[in-house]
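Chemist: Keeping their order, the protein sequence lines are chains A and B. Just so we're aligned, residue 4 is where the first sequence starts under the numbering used here, counting upward by one. Just so we're aligned, residue 4 is where the second sequence starts under the numbering used here, counting upward by one.
Just so you know, the hints here were simulated from the structure itself, not pulled from any lab data. Among the hints, a few may not be true.
Where chains are identical, the list cannot tell them apart; a pair therefore holds if satisfied intra-copy or between any two copies.
To be verified - Calculated cross-link-like contacts (lysine-lysine; reagent style DSS-like; alpha-carbon spacing at most 27 Å):
| id | residue 1 | residue 2 |
| --- | --- | --- |
| 1 | K49 | K64 |
| 2 | K49 | K85 |
| 3 | K7 | K64 |
| 4 | K82 | K157 |
| 5 | K157 | K78 |
| 6 | K114 | K157 |
| 7 | K114 | K78 |
| 8 | K49 | K78 |
| 9 | K49 | K82 |
| 10 | K114 | K85 |
Each chain, letter by letter, is given below.
2 protein chains.
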Amino acid sequence: MPVKFQFWYDFASPYSYLSAMRIEGLTSAAGVETEWHPFLLGPIFKSQGWDTSPFNIYEAKGRYMWRDIERLSGKYGIKFLKPSVFPRNGVLASRVALASESHEWRSRFSKLVFIANFAEDRDISNEAVIASILESLGEGPGHIIGGALSVENKGELRRATEGATSIGIFGAPSFIVGDEIFWGNDRLEDALEWYGSRMGHAGSS
Amino acid sequence: MPVKFQFWYDFASPYSYLSAMRIEGLTSAAGVETEWHPFLLGPIFKSQGWDTSPFNIYEAKGRYMWRDIERLSGKYGIKFLKPSVFPRNGVLASRVALASESHEWRSRFSKLVFIANFAEDRDISNEAVIASILESLGEGPGHIIGGALSVENKGELRRATEGATSIGIFGAPSFIVGDEIFWGNDRLEDALEWYGSRMGHAGSS
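The shape of chain A in the complex, shown without the other chains:
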C-alpha cells in the first residue's frame, strides 16, 4: 500500500481554508491521492494553556494574520470575507465530515463548510447551516446529522484529535508524509514535493 498524503485541518482555521481550496488543484496535477482529516485544535490549544485561538490572545499576531489571509487569498484568487465570529465552533461540522469514511465525500463537504465560514460569514456551528450544505450535496440532512451525533461517531472526533496530538500535530493545517509533518498552508507545496520525491516511487512499483 502506498503511503497516502494526509491533510489535517480544523474548520475554524483560516490557513486551513486556504489549503482546502488549493489542495486539489495541486494534488490532482501531481496524481496524488489525499486523505482528509478534520480534527479540533481547541483541545490542543487548551493543553498549551490557551482558552481561545492564539490569534485572539496575541493581538499583533492576530491583526497580522487577518491581513496576511487577505493578501494570500488575493494572490490565490480565493474569495475571502472575514468571519464576524472567530474562531467558530467546528465540532458539528467535524462530526459530520467524519461520519463518512470516503475522503472524496469529506473533501466536498469540507470545502463547502470552509466557504460558509470564510467566504460567506455563516455560522457553521448552526445545525441549519450544516443541513443546507448537506442538501446542496444532494443528501438528506436529517439522517446524516443524526448519525454524526451518535455516540460512536462522537468518539471518532475525539480519536481523530488524539491521533493528531500523538503524531505531533500542534497546529493546522498540517500535512503528513510518512513520518514527516509539514505545518502551515505555506508548506503545502514543500510537502507535496517531499511526497513526490520520497513516496511516489513506492506507490508506482
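Put chain B on the given structure of chain A with help from the hints.
Modeler: What follows is chain B alone, placed relative to chain A:
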C-alpha cells in the same frame, strides 16, 4: 526617496538565519536595496508572557521547528548545525551591528554572526567570538566593541526593538514594505513581489 525594503531579524532566530543567507541573492536579482534591522525578540516575547522562545515553551512546536529548519536548509543548500544552546543571547552582536549605519556593513557582519550561531555552534554572546568575526572583516575589534557598548549605542538597540513593536512586528524575520508586514522566512518572496509591484515604480521615476 523610494521606500526601502526592510529586513528585521534577531540573531537567535533560526528562520532569520535562513532569510539572512537567502535575501541578497533574491534582492540583487531584483535590483532591490535592503535595510538590515537587528532587534531583540526577548522583550517582545516577555510582553506576551513568555520568558524564553516559544519553541522552548511548546515542545511539539519546538521539535517541529528544528526538523523544519533541517529540511529547509537542505532545500536551500544552506549549512546548518543545531546550536547546543538556544536561544543564544544576541545583545552584544546586535549592538555591534547597530554601531554602523551602513546596511552593507551590517549585512556582512550579521551573516557571519548567523553562521557562527547556526552553522558552527559558536557562542555569539561571547566577546571573543564577536571579536574574531570583526577581525575576519578586517576590523580592529577593540574600537568597534567599545563603541558598541557605549551608552549611546545601547540606546540604539532599545530604540530598534521599540520601533519594531510600534510597527506591529511580533516575530522574526519580518519584512517591511511601506505599511505592510510580512512575517517569516516563507514570506520573503511574497514581500519582494509586493515591493516590486507596488514600490518599484515609485523609485524608478
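Chemist: Each of the hints needs a verdict: does it hold here or not?
Modeler: Cross-check of the supplied hints:
1. Taking the shortest alpha-carbon separations for K49 and K64, both the intra-copy value of 19 Å and the inter-copy value of 15 Å come in at or below 27 Å.
2. When the C-alpha separation of K49 and K85 is checked against a cutoff of 27 Å, the pair qualifies only within one copy, where the shortest distance is 24 Å, while the shortest distance between copies is 30 Å.
3. Taking CA atoms no more than 27 Å apart as the test, K7 paired with K64 passes between copies only; the shortest distance there is 23 Å, against 33 Å inside one copy.
4. Neither within a single protomer nor between protomers do K82 and K157 lie at most 27 Å apart by alpha-carbon distance, with minima of 32 Å and 47 Å respectively.
5. Taking the shortest Cα distances, K157 and K78 never come within 27 Å of each other, neither inside one copy (37 Å) nor across copies (41 Å).
6. In the homo-oligomer, the alpha carbons of K114 and K157 lie at most 27 Å apart inside one protomer (21 Å), although the nearest pairing across protomers, at 52 Å, exceeds that limit.
7. Taking the shortest Cα distances, K114 and K78 sit within 27 Å of each other inside one copy (19 Å), while across copies they are farther apart (31 Å).
8. Taking the closest pair of Cα atoms, K49 and K78 never come within 27 Å of each other, the shortest separation being 33 Å inside a single copy and 34 Å across copies.
9. In this homomeric assembly, K49 and K82 never come within 27 Å of each other (Cα to Cα): the closest approach is 31 Å inside a single copy and 37 Å across copies.
10. Taking the shortest Cα distances, K114 and K85 sit within 27 Å of each other inside one copy (16 Å), while across copies they are farther apart (39 Å).
Of the numbered hints listed earlier, those contradicted by the structure are 4, 5, 8 and 9.
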